[in-house]
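Q: In case you want the letters, here they are:
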Amino acid sequence: MAKRIETIGLSCYYGGTKAVDSVNITIEPKSVTAVIGPSGCGKSTFLRALNRMHEVIPAARVEGQVLLDDVDIYTPGVDPAAVRRVIGMVFQRPNPFPTMSIFDNAVAGLRLNGVRGKSALEEAAERSLRAANLWDEVKDRLRRPGAGLSGGQQQRLCIARAIAVEPQVLLMDEPCSSLDPISTLAIEDLMVDLKERYTIVIVTHNMQQAARVSDTTAFFTLRGQGEPGHLVEVDSTQRIFTNPAQRRTEDYITGRFG
Amino acid sequence: MSGASALGLQRRRLSRWGLLLAIVAGVAVTAGLFSVTPLQGRADFLVVAVVLVLAAVTAASWSVEGGRAARNRLATGLALLALALALLPLAFVLGYTTLRGLHRFTGGFLTHSMAGVGPLSTGGGVYHAIIGTLEQVTLSSLIAVPLGLLVAVYVTEYGRGVTATAVRFLIDVMTGIPSIVAGLFILAFYIIALHRGFSGFAGALALTILELPIIVRASEEMIKLVPAGLREAAYALGVPKWRTIVRIVLPTASTGITTGVMLAVARVIGETAPVLLTVGDNSFIHTNPFAGAQGSLPLFVFQQAGSSSNFDVQRAWAGALTLILLVVVLYVAARLLTRRNTLAQR
Amino acid sequence: MTVGALAGADPGTLSDRRSRRGDAAFAGITRAAGLVVFALLGAIAVFLVVKAIPALRHDKSSFWTTKIWDPDVSGRFGIAALVFGTLLSSVLALAMAVPVSLGVALYVTEYAPRRISRLLGYLTDLLAAVPSVVYGLFGLFFLLPRLVGLQSWLAARLGWIPLFADPSGQAREYSKSIFGAAVILAIMVLPIVSAITREVLRQADPAIKEAALALGATRWEMIRTAVLPPSRPGIVGAVMLGLGRTLGETIAVALVIGNTFSTSWHILPPGGATIAANIANFFGEAGALGRSALIASGLVLFAITLLVNFLARYVILRSGREERSTV
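Chains as they are written, first to last, in our numbering: chain U, 34 to 291; chain D, 68 to 413; chain E, 79 to 405.
Hints are not guaranteed to be accurate.
[To be verified] If you anchor each label on the Cβ, the simulated ranges turn out as follows: (1) E:169 x D:91: 34 to 44 Å; (2) E:128 x D:232: 21 to 31 Å; (3) E:240 x U:92: 31 to 41 Å; (4) E:245 x D:408: 56 to 66 Å; (5) U:272 x D:408: 37 to 47 Å; (6) E:281 x U:272: 46 to 56 Å.
Bear in mind the hints are in silico, worked out from the structure with no lab data behind them.
Positions of the beta carbon are idealized from the N, C-alpha and C atoms, including for glycine.
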């Protein structure tokens, strides 16, 4: 459970265009790391490289290493699907499987992994839905379609689905940007609970959110116009928001750009 | 590396050599089976080989990579098989028709009619049939294209209210009319009730019933693709609605509409059933489509095909080859036109 | 209002009244075109019904249950065998074509590298461009002789299933049968079902596909959870539209089927007849009553096809998908 991630010289390409340039970062287990920065600076691309979702896009590739507890997930011979079973992801827009019930959504990952027993599945569903703070709201309608929930509930269902398979790391790509403030707060509270058991990396547009939930913050931006994005500074959240080392970080935090 | 296996990440993967080995094994077993058992025949060999190769690859994958990966490989294999099953008939139909059609496909064949040529003679040709088909399809397009365009414009630009919805619905109904029913209608209405008798024009009318909904549908799609911003810009400049449609919307959609027309023509050129009931039977060159029975290329093929004479059958194949050439040329031209248009827009 | 010059329209012809008259006239013309469609379909319906009535009123034998077709000589005719043959051959054809169509559509949308997927689409669509008379010729001379082997095998190994039974042993030889017609129909309907299914599959929500991949699904598992379930109504619609097409197919079937009037379930021995093929084969020698009877059978075919097409569009509509029909 809860592994450390370390990237060494991680660069991401879309065909011939470099989108992210040489990131070196260490993400500690059982913590929340926020990745902030202006739009289009490669934050999401970087995140997707961590669970090999980046290569799903045709002609997309990666250079460098991503070490999960000292094991490079990009070693030839490693099955990307196996990586994704260990590093889970929650997306910007909630995407529960529309033709499945709430219950089926929650255990979808487990079913794929071959878990069949009815009681095992029900147990896992309750466990993950409780962990996602959704159980009380849906326990009486588990067999209803997953798409019938509100946006915030759908997103929590997606979180439940992701943690039901007990990943070691949870990646969240702007999980609250399509939600209302109340749902957002609910999910932020959830993150504080989840970090007891998982390593969490969250990309967010919202600086206040980063300040609220994360232990470590990493600031990305473009080197210049038309240039790839890169990691400017990474430090404890406290430090970044009160006394950043880099000028550009300070400019972004104080709203002078982005 | 060992850390990766411990994490379960490093799954053993079936290497390219392993895959090749499995395929070869499948074929080899098939060959073995065919030499020791009474099984024989090229087609049977192919079928058994495919089944065994699929089984071998799945089994190899299962033992090396595990159940989930094996199922994945099987699915990929089946999808590839489906692709082959879909493309094989195409290759066979086009190839076999060319093979048998070439025998009699000469200049003489294209320039002579069947006047005085009986089932036991080797001469004869499709000249009369080509004339007939070209005239019939031209006539039907002359009616269907303007009418179809107007209906498409009505439905897209003036399409509010019950009438427009009803028209759209009726066009849907028309796309489903079986071609023989279209022929039946013209037979009942034009030929019998109006006492007009068989003629090329009657055939053209039947073809119009089939061509019209295709053109309406295609034009509708193309007109809908014209960006609303273009129309708004014209209205904002004070151009009246009808001018906007005629001078701006239709020209913008024109390439797509032309493609639609070409595909519709390609479709009706090959229609036999409607002309079977309406153009009558004529082996002579008959250039007046408005009176008297006329020839038709698909009808020619149909009639010659059903004959018990070898010469007739040979003529049928040559006629089929002619027909396919016409259709394929139209079809490919239409696709090339679409591609050129898409490229130009980039 | 002389901004017409800017729009490239003829300057000076944009007086208010003239443009309004132009608009009214044009609108009128297009509306008239719409009404022509009304009139045409009305005429078709009316005339076919009127011409069919003499046959329907003829009471020598019941139109719906008689199998034999002999209106001009004995006066006994009915569509029982025709409807049976039409439905059986079409359903068989679809049973063969649908799995292959689905497989091809999946391959083109999910497996093929992007560069060749469009080419593959065109190639499968080219099958639809081949005229039906060429398919009939091909079926008659290429396919039927080669099907003998398969027919004998089916009759020998699976003959205990009534469908493949061959009591008279005729399937072992060249036979113009419902089976042959079904195979040709399957080849003809393949591109249609495949093209529509392709469109349906292409509309699968990429976000849902990503959700499946992010859970560590293999490609097949992703297709199974994220692509196929939401596409099911659209695929059903595609199949039904294909059914509508095979029901009305005339010429290829006429050349390949045996033209005997029976409602036997044995598809391998020579025989079988469909409404459309029957019309094609009999209209030449038909007298007045015969023609009326053929028209009546055509009406029944039209009604069945309409029903199937509407069901298909209803199913597709209900799934909430915009169907871009390429037929």
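Q: It remains to establish, for every hint, whether it holds in the given structure.
A: Okay, the hints, checked on the actual structure:
Evaluation of the 34 to 44 Å hint for residue 169 of chain E and residue 91 of chain D yields a pass: the beta carbon distance comes to about 40 Å. Range check, residue 128 of chain E to residue 232 of chain D: Cβ separation about 28 Å, and the 21 to 31 Å hint holds. Between residue 240 of chain E and residue 92 of chain U the Cβ separation comes to about 55 Å, which falls outside the hinted range of 31 to 41 Å. For residue 245 of chain E and residue 408 of chain D, the Cβ-Cβ distance of about 59 Å falls inside the hinted range of 56 to 66 Å, so the restraint holds.
In this structure, residue 272 of chain U and residue 408 of chain D break the distance hint of 37 to 47 Å, their C-beta atoms being roughly 58 Å apart. In this structure the supplied range 46 to 56 Å holds for residue 281 of chain E paired with residue 272 of chain U, their Cβ-Cβ distance being about 48 Å.
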